[in-house]
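Visitor: Working from the sequences, and respecting the hints, build out all of it.
What follows is the residue order along each chain.
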Amino acid sequence: MTETAAADFKLIVFQLKDKEYAIPVNQVRSIEKVEHITRVPRTAGFVKGVINLRGIVTPIISLRSRFNLEEAEYNEHSRVIIAVLDDMEVGLIVDSANDVIDVAFESIEPPPEVIGSEESNFIKGVTKIEKRLFILIDLERVLNPEELTAQDGRGIAG
Amino acid sequence: MEMNQYLEVFIEESKEHLQACNEQLLELEKNPEDIKIVNEIFRSAHTLKGMSATMGYEDLANLTHQMENVLDAIRNQKIKVNAEILDVVFLAVDDLEAMVQSIAEGGDGKRDVSEAVEKLMLIEKGESPAQSSARAETAAAIAEPQGLIKSTYDDFEWTVIQQSKEQGFESYEISIALRADCLLKAARVYMVFEVLEKSGEVIKATPSVEQLEEEQFDQGFSVTIVTKETIEDIRQKLLNVSEVERIEVLPLSMGNYSPQKAAKVEEAALPAAEESTEAASDMPKEEKKAPAAKQVSNKTIRVNIERLDILMNLFEELVIDRGRLEQISKELNNQELHETVEHMSRISGDLQNIILNMRMVPIETVFNRFPRMVRQLARDLNKMINLEIVGAETELDRTVIDEIGDPLVHLIRNALDHGVETPEVRKENGKSEEGNVVLKAYHSGNHVFIEIEDDGAGINKEKVIKKALKNGIITEQTASTLTDKQAYELIFASGFSTADKISDVSGRGVGLDVVKNTIESLGGSVSIDSKVGQGSIFSIQLPLTLSIISVMLIEIEKEKYAIPLSSIIETAIIRKEDILSAHNQKVIDFRGKVVPLLSLKEIFEVPSESHEDEFISVVIVRKGERMAGLVVDSFIGQQEVVLKSLGNYLTSVFAISGATILGDGQVALIVDCNALIK
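Same order as they appear, the protein sequences are chains A and B. Just so it is clear: in the first sequence, position 119 is 119 by my numbering, and no numbers are missing. Just so it is clear: in the second sequence, position 586 is 586 by my numbering, and no numbers are missing.
Just so you know, these hints were derived from the structure itself, not from any lab. A few of these clues could be false.
[As the list claims (entries may be wrong)] Restricting the straight-line Cα-Cα distance to at most 30 Å, the calculated cross-link-like pairs of lysine-lysine (DSSO-like) are: (1) B/Lys440 / B/Lys165; (2) A/Lys33 / B/Lys237; (3) B/Lys165 / B/Lys15; (4) B/Lys427 / B/Lys558; (5) B/Lys560 / A/Lys33; (6) B/Lys593 / B/Lys678; (7) B/Lys644 / A/Lys33; (8) B/Lys427 / B/Lys440; (9) A/Lys33 / B/Lys330; (10) B/Lys644 / B/Lys558; (11) B/Lys560 / B/Lys427; (12) B/Lys30 / B/Lys427.
Guide: Okay, here's the thing in structure tokens:
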């Protein structure tokens, strides 16, 4: 890896259920409160819909649903992390987002092999700071467009 | 002078003036007697000349100058307009366009324009441009730029003269002759300068001030001054300086600007003064009037599209806050607040309309270059073509406008070259000799359609298939199963050309496949319909990537959707018992037609709180000839909305063509009726 990668980098920390996850700050454009979401019919289940983000229609996915965790009601802690990958901007709904941490690149370890749940597919690595364990998510896999299979069109014979 | 900041304006305005020249020249061809049209062209050419000289594009200025001379001769009825002359003027305009294009692409705007200049000079002399170019040399010698003024001015000086004129100052070139026995010439020069500097501002002296101070001149010198005083006052004051023998004053305007080289400055001493004043009085009056007659028709400023985007996004935030304010005002129930908010709502509504419309450009800007092109092509091909343009006012998003020009050029060329037959063939087939080409644009749904229709020979299906087989584009097997339309569309395959022989016009090694690719890259599609012997229609469908459409907002449970008004035939409320059933498909009888019913609730899988009503609301939509009734819960109303894409993540959502942001800040999805009707 390059030198810059070896230096410290910042992670945005967020919470889903009882675990803490992290995403590099350079992949995050902003963090928003959950506002009205317009459902988009016939898209994958984890796609919650779209929101109006300062004039830009932005798709929203639920990370709980994406990781196969049970859905939870949105509350005042719920946040939408607007993540940017390539030229896609997608909002991720998380239970809360309230921390930014600095980590050294060396401290990132490969994910433990025994996790074995759906979310293990989306994990890039883990890092431990003091007693807290942060799970680094792999945004590319989370946003994999191939898993966005919308069902086939159901037109009519006209 | 730093010119870069003006370059963009220069390029845009030059393009506009050239377009105006093109249009008016076409008009002139139809009405060769109309001097008004010539004046219009003259005005455009004149402005262009001034601008290019100011910007330092000499070749441009030279050619426009020569063109102007010809136009001047035409309006003074020294020469009569005919097709040859127009050909040459068009040629000159082409050269000018090429030069402006070169400048726009970062070039220096230089181009060998000798051919056009030579021909223009011949015309000016009253000879046919077709005559041998051997005489061009003499012609060139005769048609020396008129020595209207004896000083020559560089671009900067002309800019000053022009700008002071705009501020109400007049510029004069004053030639002063001192008496032959004058002893202290430098002292007289000093006195003259003192007088002049009190009256105005001296911007130039010939010879230069240094030379004058060193008495390096004979009896005469000239000074250019910018002033608000009258000529007479200045003349009187100068005559008070002793030993001044004679004074000639020549008013300056862009009209007597001739783009000469500065090298001539040296020899422009007094002996020329008399000539120049004579010439000035000979000068046609219009020449001086021309710069004053400014175009007032369209005052515009140019704004970067990105700024408009930012403005629009900011405005949408404002609209959201407006919605909140309205809510709050309702809750508080304060009369004064209520009125203020209402007023603000109305104003921001108007503002919104203005902002939304700013990005839209009528397709005219693309269409208006075609009459000229068709004229030239028709001449080249020896065909008679009547081009009709319909719907030029159809507005399209600027980004689409920028891209659509080239594909259209291709298709029009194709229609003229392969579509419309020669007059002889048309006559044999019992058609009028003149072929018709119709270029049409219109909005439909969230799309813009552009059609190019000709009444030519049509596409020969057998020939197309044969060729496609030969070129290995299709196999025998597929050939037998092709529908007419599919067969026609083979001409869009790469490496396909229906022409038996490659012509100069469309056989440039670039096929229609390029057209198809470009249109598809814009998210559009192109289709062909044709009847042998009757003509063809090429139909381009383009999305309005970011534009405003009228929609009908409807509600299904708690969800709002927008249906493009142009897809809607009408809305209806029907009784439940009027729903019929055919092949497991609910249908209704709509004005004698059987129309299938589609439940948007089912299609969009809207979480349902199912409650049955006796009446159902139906939006009757169409796709071409086909119709369908969309069952909804309720109609909200008609609204103008901005189309927004769903972004790069959700790229293909069934039956949703985009989204829009409503006044309350929520997103509503736009229903793609074309996807619902198959």
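Visitor: Verify the proposed pairing of A/Lys33 with B/Lys237, using a straight-line Cα cut of 30 Å.
Guide: violated (79 Å)
Visitor: Can the restraint linking A/Lys33 and B/Lys330 be considered satisfied, given a maximum Cα separation of 30 Å?
Guide: holds (25 Å)
Visitor: Is it true that the CA of B/Lys427 sits at most 30 Å from the CA of B/Lys558?
Guide: violated (64 Å)
Visitor: Given the proposed pairing of B/Lys560 with B/Lys427, does the C-alpha separation stay at or below 30 Å?
Guide: violated (58 Å)
Visitor: Against the 30 Å threshold, does the CA-CA distance of B/Lys644 and B/Lys558 hold or violate the hint?
Guide: holds (21 Å)
Visitor: Are the Cα atoms of B/Lys427 and B/Lys440 separated by 30 Å or less?
Guide: The hint holds at about 26 Å.
Visitor: Please verify whether B/Lys30 and B/Lys427 have alpha carbons no more than 30 Å apart.
Guide: holds (24 Å)
Visitor: For the pair supplied as a hint, B/Lys560 and A/Lys33, confirm whether the alpha-carbon distance does not exceed 30 Å.
Guide: holds (22 Å)
Visitor: Mind checking the alpha carbons of B/Lys644 and A/Lys33 for me, to see if they're no more than 30 Å apart?
Guide: holds (22 Å)
Visitor: Going straight from one Cα to the other, do B/Lys165 and B/Lys15 come out at no more than 30 Å?
Guide: It holds: about 25 Å lies between the C-alpha atoms, which stays within 30 Å.
Visitor: Given the hinted pair B/Lys593 and B/Lys678, is their Cα-Cα distance within 30 Å?
Guide: holds (17 Å)
Visitor: Does B/Lys165 sit within 30 Å of B/Lys440, going by the straight-line distance between their CA atoms?
Guide: This hinted pair is violated, its Cα atoms lying about 45 Å apart.
In this structure, the earlier hints numbered 1, 2, 4, 11 are contradicted, and the remaining ones agree with it.
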